[in-house]
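Let the sequences and hints guide you as you build the complete structure.
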Amino acid sequence: MMRRNVSGLELSLGFGVLALGGFVAVLVFASDSNRSPESARLSAADSIQIAAQYQSQLAARDQAYVALKWLSEVHIARLQNAATLVEQTADVPRIPQDSITAVLNAARGSYLEAMLAADGGTASRWRGSEEPIRVWVQPYSSEPGFTRDLVSPARRGFTAWNELDLGVQFAIVEDSTDADVHVTWSATMSRPEQVAATFRITTGDSWIVLAHVILSTARDIYTVQNAVRHEAGHVLGLGHSPNVDDIMAAATEGRQYKLTDADARTAALLYRLPAGSVQR
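Mapping of the sequence shown onto numbering that gives the first Met the number 0: residues 0 to 279, in sequence order.
Don't take each hint at face value.
Cut-off 20 angstroms, straight-line C-alpha distance, at most; resulting in silico cross-link-like pairs (SDA-like, lysine to any residue) [what the hints assert, rightly or not]:
| id | residue 1 | residue 2 |
| --- | --- | --- |
| 1 | Lys257 | Asp244 |
| 2 | Lys68 | Leu57 |
| 3 | Lys257 | Ile220 |
| 4 | Lys257 | Asp164 |
| 5 | Lys257 | Gln168 |
| 6 | Lys257 | Thr158 |
| 7 | Lys68 | Thr176 |
| 8 | Lys68 | Gln54 |
| 9 | Lys257 | Ala159 |
| 10 | Lys68 | Thr187 |
Just the calculated beta-carbon pair ranges, DEER-fashion [claimed, not checked]:
| id | residue 1 | residue 2 | range |
| --- | --- | --- | --- |
| 11 | Ala44 | Pro241 | 44 to 54 angstroms |
| 12 | Thr158 | Asp260 | 14 to 24 angstroms |
| 13 | Asp260 | Glu142 | 28 to 38 angstroms |
| 14 | Thr100 | Pro241 | 15 to 25 angstroms |
| 15 | Ala250 | Ser46 | 36 to 46 angstroms |
| 16 | Glu142 | Ala101 | 41 to 51 angstroms |
| 17 | Ala44 | Glu192 | 37 to 47 angstroms |
| 18 | Leu67 | Pro131 | 20 to 30 angstroms |
| 19 | Pro95 | Thr146 | 49 to 59 angstroms |
These are computed hints drawn from the structure, not numbers from a lab.
Every value quoted in this text rests on a predicted model; they were computed, and no experiment measured them.
C-beta: ideal position from N, C-alpha, C; glycine also.
This is how it looks when you write it as structure tokens:
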């Protein structure tokens, strides 16, 4: 069967082989310790700085990722709001080192250690919340090859992860301005064999706040749905598995129809770790 790659991580991390993954932009939100949570809000200068950081991050991608104009505006608005939330939650208790060590010692049957090694020992994930991670899938597109039949499978690719008890869940929304994750369509990808790509934005301490998934319109419905399952894993913060049978495999030789035990275990362990540098 033909070997397929879903997305290209090597553009941002310098890998020499085509892999599944996304482009990670890091925005550092400065926190003023003298502000109370009740009064925390951004000044005009803060807002301008965040917009400038966002544009600077895009420019640094050197055309590897080009955000749609309307999506850039949504991202900036959401990032400005996220900066306020970061200030309000800056004092979240740290996970004790012995708990981190226990998670790493329990990594057998997962690809957590391989994932962390590939990411320089850094874990990226969403903060646990009763509020879902809101996903908007572009319902219409003028891109060649787009059909409305692709939309529902793309949505199902995200909700498949809701079977896991991670402390976060995906919810599909109809309004793009309400979304934390935007899924859009493209007839051309950076590589001919590429099916999808994920651009993920984190705070300076590796908490994920936004993501953009780009899906190819040049593939069939089943390929797209499987690709979305993979990209949704990246949205959650997962890296690649060395096992071709896992949803999060870097490249596949067929279709994976469900999350494997290793996918589920790795995600569960990731969400027991703190965001940021992880060491034994």
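Legend entry - Contradicted hints - numbers only: No hint contradicted; all consistent.
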